[in-house]
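Undergrad: The listed protein sequences derive, respectively, from chains A and B. The opening position of the first sequence corresponds to residue 1 in full-length UniProt numbering, with each subsequent residue numbered one higher. The opening position of the second sequence corresponds to residue 1 in full-length UniProt numbering, with each subsequent residue numbered one higher.
Derived from the structure by calculation, the hints contain no laboratory data. Note that this is a predicted model, so its numbers are computed, not measured. No residue lacks a Cβ here, since even glycine has one placed at the ideal position from N, Cα and C. Treat the hints loosely; a few may be bogus.
As the list claims (entries may be wrong) - One side of the interface only, derived from the structure: several residues of chain B facing chain A at Cβ under 7 angstroms:
1. Leu29
2. Phe117
3. Phe136
4. Gln150
5. Gly314
Protein chains: 2
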Amino acid sequence: MSFEDYFNTIVDNVNKRIEKYIKGNVKELYEASYYLFKAGGKRLRPLILVASSDLLGGERERAYLAGAAVEVLHTFTLIHDDIMDEDTTRRGMPTVHVKWGIPMAILAGDLLHAKAFEILNDSFKGTSNNKISKAFEIFTKAIIIISEGQALDMQFEDRSIVSEEEYLDMITRKTAMLFSASAALGGLIATENEKEVEALAQYGLNLGIAFQIIDDILGLVADEKELGKPVYSDIREGKKTILVIKAIKEAKEDEKEKILKTLGNKNATKDELSAVAEIIKKYSLEYAYTKAEEYMKKAIDSLESISWKNNEAGKALKYLAEFTVKRRK
Amino acid sequence: MSFEDYFNTIVDNVNKRIEKYIKGNVKELYEASYYLFKAGGKRLRPLILVASSDLLGGERERAYLAGAAVEVLHTFTLIHDDIMDEDTTRRGMPTVHVKWGIPMAILAGDLLHAKAFEILNDSFKGTSNNKISKAFEIFTKAIIIISEGQALDMQFEDRSIVSEEEYLDMITRKTAMLFSASAALGGLIATENEKEVEALAQYGLNLGIAFQIIDDILGLVADEKELGKPVYSDIREGKKTILVIKAIKEAKEDEKEKILKTLGNKNATKDELSAVAEIIKKYSLEYAYTKAEEYMKKAIDSLESISWKNNEAGKALKYLAEFTVKRRK
């Protein structure tokens with residue numbers, strides 16, 4: 001089976017389960033809740049989850065459900081983050097709060113948050129009590145840490161200087177935790193061996209850090225249409241990405257001044273944003289790519305510490321780590 | 001032991017567990033999340049949960065934790081509802097989004113939503129796999145239905161005519177479900193007997209409907225200081241309470257016109273609101289009290305179908321149903 005077939009089978013099955021669960025008779029609420037799933041998305045977290053389960057011989061039906069749970073959870077965070085960050089475009093479409101208003105968007109996120117737990121519960125139903133408790137522990141811990149990461153991200157917008165260490169801590173919480181939880185939950189479906197589950201958690205965590213660094217890079221270099229959201233929005237919002245942090249540290253005084261003047265300025269013109277982006281790229285692009293590759297390699301190293309029961313799944317997980325760094329959107 | 005002692009012991013123990021769990025090192029986020037717990041609140045849902053558990057001989061430590069879980073969940077819904085309804089005062093204090101801004105209030109609600117699941121997981125840890133799955137099923141179902149109820153409540157604001165049946169369906173979802181889930185979870189801690197758990201669920205459901213009818217009455221007749229929020233805000237927001245529905249149905253043409261003109265008018269003066277409140281009270285107050293008492297009696301009837309293992313708990317549950325209707329805030 002080719003990677004493409006392997007991944008497509010997973011995505012189709014996960015999507016079917018999402019569609020089945022995100023249905024109800026309060027029309028507007030369910031439309032707003034289901035909207036972003038129709039708009040695309042890579043389903044990276046379910047792919048990691050199902051392949052992690054496959055790697056250790058887990059049941060596919062349980063893995064599809066747990067995959068749907070993490071994707072639904074991820075989508076809830078996107079809807080709420082877009083309100084908080086005042087983002088108006090996502091996946092090439094207006095964000096949920098732009099289309100339905102902030103109250104309905106808050107509610108749609110809340111519904112998906114609860115639905116994610118409903119689906120996870122069904123995924124682990126009938127397994128041992130320890131496994132069910134562990135699954136909910138991984139899931140709840142992830143959401144708590146993600147919320148903390150989002151709070152830090154917002155706090156950083158109001159600070160001019162943030163260290164690389166603080167940035168890494170923040171993206172570990174905000175982004176990498178859910179990748180880590182996805183891989184760990186996949187492992188947990190197959191085994192209660194803590195070492196193997198922990199190795200998968202490490203794989204997901206390092207892949208997640210690489211993913212966010214690349215996301216921050218793409219916010220500066222990607223094609224706007226391909227990305228599905230405005231480039232430079234990170235600069236306008238004053239996001240302290242690894243590229244911004246490195247550039248502020250390395251740039252000459254006049255360049256540094258330009259960066260700090262434009263960063264977080266909601267009225268900055270496209271030309272100003274573009275000029276600042278060029279400065280940042282000059283000092284940071286290579287550095288950020290190198291960092292992302294380091295984390296990607298750590299992720300792959302983690303996989304090597306596990307005895308694979310399914311070679312195809314192991315190769316798929318390696319491919320996903322590499323894809324994370326190579327992707328252009 | 002007096003009722004007061006019985007209830008105080010529960011409230012103190014539940015509060016201690018809430019305090020323990022709602023702690024973390026991202027200062028502003030945890031301050032915003034913990035704020036409403038300090039502002040008071042009756043802890044009615046934990047009281048129902050722990051007494052329901054007592055009634056069938058459940059373990060107190062598990063019940064305290066599950067009680068904390070439902071109170072934390074309830075508080076998440078309050079924070080998000082206040083944003084959606086643009087309410088600025090709660091429990092005599094500025095609402096969370098007024099104090100910390102909408103983004104932080106959304107995030108605090110999300111954190112509490114996840115924390116509620118974390119606490120519930122700890123409450124049922126080590127029980128049977130069926131029990132854990134059932135507990136999460138009750139909990140997730142409640143949140144999903146609560147979200148649907150809030151969506152209906154918002155939709156009703158934009159409609160001039162809503163039937164009493166639609167109102168009862170809406171408050172069953174928005175308010176009564178969590179009372180029902182609280183009683184059922186309490187029962188589940190003690191037993192897997194489905195009939196007993198279902199009887200408790202019915203007790204909570206009917207108590208919850210009575211609770212919301214009284215809440216709607218208090219929004220018209222309560223002392224503003226005692227209530228902790230502005231009276232008449234329901235009229236200003238255009239809420240279709242049972243009192244409004246009944247009054248629109250029964251009032252004379254000119255009175256009906258006055259009601260419809262003022263209902264949902266954000267610029268209505270205090271005098272206009274007060275005049276409309278008087279009309280509504282004239283036609284609806286007795287009717288609404290009678291309805292609330294009917295549901296209160298149904299709740300108490302449900303209790304009688306269970307064989308009590310703890311007389312004090314049974315009496316406490318009866319008292320809580322009666323208190324729900326008698327309360328003045």
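Undergrad: Work down the list of hints and note, for each, if the structure agrees.
TA: Going down the list of hints, with the structure as the test:
Given hint, Leu29(B) at the interface with chain A, holds; its Cβ is 4 angstroms from that chain's nearest Cβ, closer than 7 angstroms. The criterion of a C-beta within 7 angstroms of any C-beta in chain A is met by Phe117(B), whose closest approach is roughly 5 angstroms, and the hint holds. The restraint placing Phe136(B) at the interface with chain A holds, with a minimum CB-CB distance near 4 angstroms, inside the 7 angstroms limit. For Gln150(B), the interface hint holds, since its Cβ comes within 7 angstroms of a Cβ in chain A; the closest pair sits about 6 angstroms apart.
Evaluation of the Gly314(B) hint against chain A yields a violated restraint, the C-beta minimum of about 30 angstroms exceeding 7 angstroms.
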